[in-house]
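Listed here are the chains, written in short residue letters.
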Amino acid sequence: MAKPNKVIALPTTSPGQLWEPVHTPGRFRNTLSKYRVYRNESRCIKCGKCVELCPYGVFTKAGSYLRRPKSYLCLGLECQKKPFHCVANCPAQALKVSVHPVYNTLGDCRWNPDLLLSTWWQAEFGNLPYTDLEYRTGGSGGGFDRLRLLFPPRRGGKNINHDDISLEVDINRRGDGRPNIRVSVPWYGGGMSFGSVSINTILSRATAATTFNTMVSTGEGGFPEELYPFSDHVVTQVATGLFGVREDTLQRVRMIEFKYAQGAKPGLGGHLLGDKVTPAVARMRESVTGNALFSPFPFHSVYSVEDHKKHIDWMKEINPRALISVKVSTPTDVDMVAVGSYYAGAHVVQLDGSYGGTGAAPDIAKKNIAMPIEYAIPKVHQFLRAEGIRESVTLVASGGIRSAYDVAKAIALGADLVQIGTADLVALECLRCHNCESGRGCARGIATTDPELVDLMTIQYGAARICNMYYSWSWQLKEILRLLGLRSIRELVGRTDLLMHLDYFERAIDDDIRGK
Amino acid sequence: MPAKYHIHVRRVPPRFTPLAKNAIIDWSEGCLRCARCVKEQCPVDAYRKRGFDRTQFVDTIDEMCRDCYRCVQGCPRELIYKVVNPQYRQLGDEYWTPEILSATWYQAETGKIPVSGAGYGGPFSGPGFDSLWTDMSEIVRPTRDGIHGREYISTSVDLGRKPMFLLFDEQGDMAWTTPPLLELPLPILLAEPKLGPNPRGMQEIITLAAQNLGTLAILGRDQLVPVPAQALGQIMPSYSAGALELEDPLLSQVRAIEMLDHPALLKQVEVLKKRYPQLLVSIKVPGDEKVVDRVAELTAAGAEIIHIYATEKARGLGGFQDLHLKDLIRRCHLRLVEEQLRDTVTLLFSGGIALAEHVAKAIICGADGIIADLPLLLALECRLCRQCTKGGNCPVEIDLLTTKRGAQRLVNLIGAWNNQLLEIMGAMGMREVRRLRGEVGRAMFLEDLEKEIFAPLFANRETELQKRDPN
Amino acid sequence: MEVVVFACQQAVPDPEALKSLWGLADVRFRVLPEPCSSKVEAFQLLRTLATPVDLVWVIGCEESLCRLAEGSQRAGGRMAYTKKYLEEIGLEPARVGRTVVTPGDQAALRAAVAEIQDRLKSLGASPLRQAPQSAARRAAP
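Residue numbers (the numbering used here), protein chains in the order written: chain A, 1 to 516; chain B, 1001 to 1471; chain C, 2001 to 2141.
Because the hints were derived from the structure by calculation, they are not lab data. Just so it is clear, CB atoms sit at the ideal spot from N, CA and C, and this is done for glycine as well. You may find that some hints are simply not true.
Partial chain C-side listing against chain B, Cβ under 8 Å, derived [what the hints assert, rightly or not]:
#	residue
1	Val2004
2	Leu2032
3	Pro2033
4	Glu2034
5	Cys2036
6	Arg2047
7	Ser2064
8	Leu2068
9	Glu2092
All chains should be built: construct the whole structure from the sequences, respecting the hints.
Below you can see the structure in the form of structure tokens.
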């Protein structure tokens, strides 16, 4: 557990200054990989030829000692065609490259092994992997994973430079006199509470949000003091349990997020298991150590749009400069909910799909309740447009945004920007084991408050990994816009004509931007 | 308000180590003997606690491992791997997947709702029940909090014929006796599965579980075990076509029976009802291409309960073999709605109900209740190896299971299912399961979402794309 | 009697097919699919033998074809260790055995089954079978 008021050494960039990727290798000795380079030690004659040949740095030497091959840097089976192929050139036939036996066990349908590995790569290096890893989509077989970007046949943007492309998004579009927030990238960090994730995770995310001039939400569970230096980039959440909600925390921020529902458990309350309620968490939430905390559903004081407006008015009164975001899930009438929220005074309507979340949620809820986010975005976008209010409200999509391509697709479907959560955690080497809720929490020190486990990760590491991923995403989005011939992410909003769904199209669509 | 229905779950540990999804390969030879070995740092201490399961000859480490990969990634010689466990992948079949089996085991053991961290990781959608989502309420339609006991959600259903109107005589009394009606506290009936190494033991287990749950156990009349007197009210003997004898002593002891449909059935029911007016009769009809007409015909003729059965993999029979159970339910339900008869009769469905969500979705599609069969066997640790159908030994010795222990595992499973039903209804803001029936407005079907949202955006764009890209 | 085979899934892609080659009705023949023959550790072989089982066999891949590179070779080392250990404690080392095959080679699998049957014939029932009540159930086919 980080001590209160601990001085945090931040990466050296300040807001707006361009982040340059910092090589930040994984925290664990053997980085997971798609291919495994095996060297038969009994055959190897230590000639060092592999060290000379491999341009990717798989083999390294310390004096005459050959280190273990760094499998994750290997180009993989594709390398067979190359003149520097180590296996073919080894004089002792001591090398072998094959699919790593662990590869198939990683991840799940949405975050499949390739997407995990390529996201880890981006977090380590800040660029896209040169191997055959798929970095755009997962393997869920629908939604974002079946949508493709349609680049013009002779890809456009010859005369557009990345420096000319803007990823900025304005959050306040109501024109109600409240200050605007302009974020420099079309995403911000979703709510993950202190308690569900470690303080180091929170501070890593906050640092990255500040570096990229965007925001991060506190989630339900209070505003840890350690976050005070980042207040301008913090969105504080007011949720049904009202844990850790105090006047001074509401007044500290530029945006308040009013959480009605979350996509992982729509219509159900939150539940922080007793094990995770450590003394620090209990203090923050004004509760008792070791006692499970239930966040009820719904707000028992909100049963109508009028009640809802009353709550929003109350928050606007407490903090006259704050923007109000309303986070809802995706029921059949999500379009009506969005309109209602707008008329109640919200600046932002956030639609949360069921593919995100860190805390414990019943499997039945995640899988079955509420519609996939991919349908909800165009449904709400079109309805708001028909109502004539689309230009006055900011539409945020969340709960399942895993890659820069998901960001682009969500925006093309009609969102203004997105909120991400799990992707940040994956950058911190989460491997989607789905055990964040059990026992001491995350065994990799990300989603836990166990002091020993928290110490597995430093803020420097965490912030750099997330910044690297953000850098890579920014580059990809700019490249996507460039190839589409667009100069601003704003021009992509609602451009479903730039998307195609493979269920409706028979030909293959290549939207890879590597080496194009 | 009636007393709140509560299912008493109690942990019943498995007798056999459940198979894990992934296996650890540990090459200890070649180990460097590090001072701080990764095995000692295991957050769940699996390497020290590992044991040997002498009935299955497996290392119990795989079941303890929580997939953090710290040993895989930490060992300096890379001597530890996690790989897909073929024994797990081999479980069940393409419908009764290893995931369904292990989720069922977990619920039967603990009685708890399966909960996990992080968002949904499964496929976008799938056939049948996986192609619809249930609704939730937001802001203006209050939800219910049934699961933590703060608000009352009723899961009761009525079995029997419901008169559409009442008749009174001149004195203001009812002009006829109302037909019998049986209220069950949950919309789930239990039936014996078609396989299993010990059908008689299974009947006893199901009977005891039905007694504890307050529901009905559907048991074949031919091979029926002696049922204790206090359990007679909870069994529903099932008669094969035309096999019913009016002198059967059970008929005066039970509250409901089931009869397999046959051409002369209506006449037989009439005779039976004359003799036993308080006995409820459920008619079991195959879910084939004739089912919709037959259900309408039986209902018009005054049927009280109709049980429509599909295959074990939730498909119709005969000409309906490609039709999924959910569509079978919708067709039967909608036909009765059209004929304005839906509320008179109770429709029960069986076949391929594998998970709690299937119960809720079947009801949304139009069932009054469902009948669980195969999951009851799975709850007893069955691996669906089907050795019992080939005369082989049961690898998990279901035949040696005591009735009490088995029944508690069934109670646990159904307890977990019922809680999940409460979760789904709570999220929708539904107060009772009776109102969920046929409420397709509170569900979202994949084909509708595609038609309303994606098709207008993506269908028929070939020509436009031709223009962009002539090749 | 009972024979337990730990079968690498690469070497024996279809465990049911292997079972169908067995044919001895009075001997229970169990095939346990394993991700690699090196999944099976020496203690597992010994404890399986002590269950008691009359013969324990491992079928893996040719060492050069192992999908995990060194797996099959390690399985060989374990087998040697197990045999030595059995000898030291005064039991028959022949009650454990190993065959390596080229993945997909049916003839080799048939030969392996024949070898297992021959071995079982020459060894007979395990001397560890002393508790008849527990053995009775398992001995049934």
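Now the hints, each set against the structure:
The closest approach between the C-beta of Val2004 (chain C) and any C-beta of chain B is roughly 6 Å, which is under the 8 Å cut-off, so the hint is satisfied. Checking Leu2032 (chain C) against chain B: minimum C-beta separation of about 6 Å stays under 8 Å; hint holds. A least Cβ separation of about 4 Å between Pro2033 (chain C) and chain B falls short of the 8 Å threshold, and the interface hint therefore holds. This hint holds: Glu2034 (chain C) has a C-beta 7 Å from the nearest C-beta of chain B, less than the 8 Å allowed.
Against a cut-off of 8 Å between C-beta atoms, the interface hint on Cys2036 (chain C) holds, since the closest Cβ of chain B lies about 6 Å away. Proximity of Arg2047 (chain C) to chain B holds as hinted, the smallest CB-CB distance being about 5 Å (cut-off 8 Å). Violation of the interface hint for Ser2064 (chain C) is found here, the shortest Cβ-Cβ separation to chain B being roughly 17 Å, above the 8 Å cut-off. About 7 Å separates the beta-carbon of Leu2068 (chain C) from the nearest beta-carbon of chain B, less than 8 Å, and the hint is met.
Look at Glu2092 (chain C): its Cβ only gets to about 19 Å from chain B, farther than 8 Å, so that hint breaks.
Going through the hint list in order, the structure does not satisfy hints 7, 9.
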